[in-house]
Each structure stands twice: as C-alpha cells, then as structure tokens.
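Engineer: Residue-level listing of the chains:
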Amino acid sequence: MSKVEHRAYILILGCVILWCVVLFVPPIIAYVEEPSQEISHFSYRCFSSICHQFETRSLSIFGHKLAVCARCTGIYFGALFGVILYPFVRFGKHWSLRTLWIIAVLPMLTDVLLNTVGIHTSSIATRLATGAFFGIGSAGILLPIAIEAVTNLLSHFSHQQGAQYESKT
Amino acid sequence: MNQKPDKLIPALYGGVIMALISSIPFINFLNCLCCAGVMLGGFFAVFFYKNNFTPDTPPYTSGECMGVGALAGVFGAIIGTMLSLVTLALFGNIMGDYMIEMIRKFELDIPMEAFDAMEESMTAGISFVSIMIQLLSSLVIDTLFGLLGGLIGYSVYKPKKSIISPPPMPQPPQV
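Each protein sequence line maps, in turn, to chains A and B. For the first sequence, counting from 1, position 93 maps to 93 in our numbering; every step adds exactly one. For the second sequence, counting from 1, position 166 maps to 166 in our numbering; every step adds exactly one.
It is possible that part of the hints are untrue.
Straight-line distance between alpha carbons at most 30 Å, and here's what the computed DSSO-like set of lysine-lysine pairs gives [claimed, not checked]:
| no. | chain 1 | residue 1 | chain 2 | residue 2 |
| --- | --- | --- | --- | --- |
| 1 | A | LYS168 | B | LYS4 |
| 2 | B | LYS160 | A | LYS168 |
| 3 | A | LYS168 | B | LYS158 |
| 4 | A | LYS168 | A | LYS3 |
| 5 | B | LYS160 | A | LYS3 |
| 6 | A | LYS3 | B | LYS158 |
| 7 | A | LYS93 | B | LYS160 |
| 8 | B | LYS7 | B | LYS158 |
The hints are simulated quantities; they were obtained by calculation from the structure and are not laboratory data.
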C-alpha cells in the first residue's frame, strides 16, 4: 500500500468503527434515561428505516436491544472484522466478483430460505454467524474498490490544494 | 476526447428509485435486508451514469461512482421523506398497523411495555420534529448506503482496461 492508500484505508476503518459504535448508542441512551423513553425512542427511530428492529431477533445490552437486529449486527461487525483483516489476508484473488458475491451471500440466503420454508428455525446464533460471513465477504470484495475510490478523492483534493497554493505564491 | 457526462441526472434517477422503494408501503420491507433498496438506488445511479459514456469519453473511476451513489442518496433522502409524507397522508400508517397485527398474530414474545411503546410509536401522528428526524437520519443513512451501492455498481460495471497493442516494429529494408 502506498502512503495515500494507507490513509484511505485508515479513513475507511475509522468510518466502519464509528458505524459499529453508533449501533450501541440507542440502548445506552435507553439505559441512562430509564424509565423514560423519549430520547431513546427517537434514536431507535433513526435506524428504523434500515432494520425491522424486532426485540426477539436482536442482541441486547444493559437490557435494551441494539439499534439493529442480530443479522444486521453480524453484517456490520463482520465488515469491521473484514476491514481489519484486509492488510493481512486477501481472499479470492483469482475468483470473479460474481462468484465471490454468491459465496458471501449463500449461507445467509440459505438460513433465511430454510427458515421461511420451515425446514430449520434460524436462531440468533445462525443469524449472527451468517450475517458476519456476509459482512466479512462483502468487506473483502468492496474494500479494494473503496480504497481506490478514496485514494482518488484524496489525491484529487491534495492536487487541488497544491494548485491553490501555487496560484497564491 | 469528450468531457465526462453530468452526474446530477443519473444521481437523480437513482434517488427517485431509492425514494420509491423506501416510501411505498410493503416494498420498503426491502430495506430491512441491510438497506438493499437504498443500495439498489446507488447501484442504478451508477448504471445510468455509465450508460452516458461513449468510447470517446475517458473511463469512469471508482471515486466518481462513489460520488454518484452518495449524491443519489441525498436525492433519495429528500424525495423519500416527501413521498413517505404523501403515502402517510393518503393511506395512513398501514405498515405500522400491519406490523402490530403480525406481532399479535404470531404471538411474538415481546414484553407488554415494549409492545405498548411500539404501538404508540407506530400509531403516532406526524409532527415537525418527527419529519426533521426522519429527514436527517435518511440523509445520513441513504448517503452512506447509496455510496456503498455506487461502489457495488462500479464493481459490477468496472470498465475493462483496454490493452493497447504496441505499434508494429518497422521492418528493416530488405536487400
């Protein structure tokens, strides 16, 4: 990794960590403001457009559910794990993107479909595990592209700043 | 070489798709799949953006696709908030009613207080504060996931690197 790519990687890692931390904010607010639910209700509502937030399908902390369900939590933390792993492990280098996407989504899709048909009942553990697998996979697929994109933007901005500095002096 | 095409119109198309998926009742369940509807909007924005390219224009970069996806997210959040207000005014909170009905039907193991809070929040009316919260959270979430959709779009429609064959070596004059 070049210096700019390294900076781009750190920036992306920071964003993913921030997103994962934000998921804990609503339950912490709910715990702090107990028994009232005014602020926590609004903070949960911010995430309601991206997840069903069913209590029975969510992990909880301090007796309050996280901002998103177990599967989504698995995906986001899996993505975080995938981003952390990226400098050390590169998987599926010689496979096409389509194959990689299929491999990443297959366990999660199987879990959902078998549960819908009634052959197996998904539990919090299966939701978390299959979500995490998808998260790690999608981070592995998208991260090189994201690093390339952020590197482009960073070089573009530094180039612009350099041009501005030159025109001033 | 020609200049690169405009990003606004493809982003607007992507935003409209995003807004439609997010605000039409029951179709917006798609967003429960890790914001798939929003990502689809970002993906389509990149699809429309790449359609405007001709062989004469320089190829699109991942940074541009990320930007188009994020811009689609901004449009999607604004249009989606307006559309959801319209659907709420026209049909009422049918999604909320349906969810409560589902919870009752399947007798999910939810504490009574939590169920009451859920029922209260789902049947609550529209206020200026709730609209602003929806708009602000949509702006953040849609931009973020639209950006991811843009990156997925780039990974699918990545321009193939053209291999430029070197010009043929001049043949030495035959004696």
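Engineer: Confirm or reject each hint.
Structural biologist: Evaluated hints:
1. For a cut-off of 30 Å, the pair hint linking LYS168(A) to LYS4(B) stands: about 29 Å separates their Cα positions.
2. Straight-line distance between C-alpha atoms of LYS160(B) and LYS168(A) comes to about 40 Å, which puts the hinted pair past the 30 Å bound.
3. Between LYS168(A) and LYS158(B) the alpha-carbon distance is near 38 Å, which puts this suggested pair outside the 30 Å criterion.
4. A C-alpha spacing of about 27 Å is found between LYS168(A) and LYS3(A), which places the hinted pair at or below 30 Å, so the restraint holds.
5. The straight-line distance between the Cα atoms of LYS160(B) and LYS3(A) is roughly 26 Å, inside the 30 Å bound, and the hint therefore holds.
6. Pair hint LYS3(A) plus LYS158(B) holds up; C-alpha atoms about 24 Å apart against a cutoff of 30 Å.
7. Restraint check: the Cα-Cα separation between LYS93(A) and LYS160(B) comes to about 17 Å, which is no more than 30 Å; the hinted pair holds.
8. At most 30 Å may separate the alpha-carbon atoms for a hinted pair to count; LYS7(B) and LYS158(B) meet this at roughly 17 Å.
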